[in-house]
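Could you build all of it, start to finish, from the sequences and the hints given here?
Every letter in the sequence shown is one number past the one before it in the UniProt record's numbering, and letter 26, counting from 1, is 26.
In short, the hints are calculated from the structure, not lab data. Accuracy of the hints is not assured; some may be wrong.
Straight-line Cα separation of at most 20 angstroms, EDC-like style, residue types lysine to aspartate or glutamate; simulated pairs [stated by the list, open to error]:
#, residue 1, residue 2
1, Lys178, Glu263
2, Lys238, Glu208
3, Lys187, Asp289
4, Lys187, Glu263
5, Lys178, Glu270
6, Lys178, Glu161
7, Lys178, Asp267
8, Lys238, Asp213
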Amino acid sequence: MIDPFRNAVEPNRRGLLGMAAAAVVASQVGLLATAARAAAPAPFGPIRQVDAGPLSIGYVEMGPTSGAPVILLHGWPYDIHAFAEVAPLLAQAGHRVIVPYLRGYGSTVFRSADAVRNGQQAALAFDVIALMDALGIRRATLAGFDWGARTADIVAALWPERCAGLVSVSGYLIGSQKANVAPLPPKAELAWWYQFYFATERGRIGYEQNRHDFNRLIWQTASPQWYFDDATYERSAKSFDNPDHVAIVIHNYRWRLGLAQGEARYDATEATLAAAPPIAVPTITMEGDANGAPHPEPTAYRTRFTGRYEHRPVSGGIGHNLPQEAPAAFADAVSTIASFG
Numbered sequence: 001m002i003d004p005f006r007n008a009v010e011p012n013r014r015g016l017l018g019m020a021a022a023a024v025v026a027s028q029v030g031l032l033a034t035a036a037r038a039a040a041p042a043p044f045g046p047i048r049q050v051d052a053g054p055l056s057i058g059y060v061e062m063g064p065t066s067g068a069p070v071i072l073l074h075g076w077p078y079d080i081h082a083f084a085e086v087a088p089l090l091a092q093a094g095h096r097v098i099v100p101y102l103r104g105y106g107s108t109v110f111r112s113a114d115a116v117r118n119g120q121q122a123a124l125a126f127d128v129i130a131l132m133d134a135l136g137i138r139r140a141t142l143a144g145f146d147w148g149a150r151t152a153d154i155v156a157a158l159w160p161e162r163c164a165g166l167v168s169v170s171g172y173l174i175g176s177q178k179a180n181v182a183p184l185p186p187k188a189e190l191a192w193w194y195q196f197y198f199a200t201e202r203g204r205i206g207y208e209q210n211r212h213d214f215n216r217l218i219w220q221t222a223s224p225q226w227y228f229d230d231a232t233y234e235r236s237a238k239s240f241d242n243p244d245h246v247a248i249v250i251h252n253y254r255w256r257l258g259l260a261q262g263e264a265r266y267d268a269t270e271a272t273l274a275a276a277p278p279i280a281v282p283t284i285t286m287e288g289d290a291n292g293a294p295h296p297e298p299t300a301y302r303t304r305f306t307g308r309y310e311h312r313p314v315s316g317g318i319g320h321n322l323p324q325e326a327p328a329a330f331a332d333a334v335s336t337i338a339s340f341g
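Structure below.
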């Protein structure tokens, strides 16, 4: 039998038992997904708040408090509703599921008016550790896409003792300002058009004034075969009204290009991340077959994952927002990884 986390055939007893457990969990999630599609969508909430580090973080919690913790992290320009179908599936399978708004989204706000509205990658990772501490979670499975995948990658790389396993859409997304100085081929640069728009004052003002239509355009171009309706978009668009949303988004993209300073307290962390640290926790990476957003090829990041590893391509016109477009596949990956924790 082939262990899905290995390239070689190694029929050992522990691997067989682990695969059997994962298969049972995956089967449960599949049955729950079928039932969920047949029923009317349940309300996703209520929103809870907890003070964590510099933030008051808004989050949804589902499932038994005694269950193995899973933290689901969204990206830009999305929100917690990317997991509106995934979270109930995982909760019904027995997991304690936490879905937080990232800084600058929904009800997550800074506790101090003087706090730096910082969107750099290290800051978001420290937010997750602060949230886990605030909720008394020692160790969790982390899963996400876009900004959420990058954040989960960083936690897995720097705090493996806090990360039981990882599901990362588009794989290894940890970056550095130095690496981002190098120009890309023209086609790749074109895909990052909004990054250069945000580098200008015109872009900041434009995003401030037009964020609703701007983000809808990103949804459409990043997932060209996902025909979401108005209600689906509007449900998430409310989170972009956060008072810090524009500042966080603009700082994130300017920081990546070295056009904005980060906070000195994260300098050592960013230096470590710039060296592309390996990720040793059990990992499943995923990629939709119709992802219209910039993303690396799986072969480009395979060596960054040094523990149990599997890559799962997802077909059927699945774009950038993989958890919302293919919730059963995403939930299955999370449950598989969590079973090894």
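Verification of the supplied hints:
1. Lys178 - Glu263: Within the cut-off at roughly 16 angstroms; holds.
2. Lys238 - Glu208: Between Lys238 and Glu208 the Cα gap is close to 14 angstroms, so the pair holds against 20 angstroms.
3. Lys187 - Asp289: holds (18 angstroms)
4. Lys187 - Glu263: Measuring from Cα to Cα gives roughly 32 angstroms; hence the hint is violated.
5. Lys178 - Glu270: holds (11 angstroms)
6. Lys178 - Glu161: violated (28 angstroms)
7. Lys178 - Asp267: holds (13 angstroms)
8. Lys238 - Asp213: OK: Lys238 and Asp213 at ~12 angstroms, within 20 angstroms.
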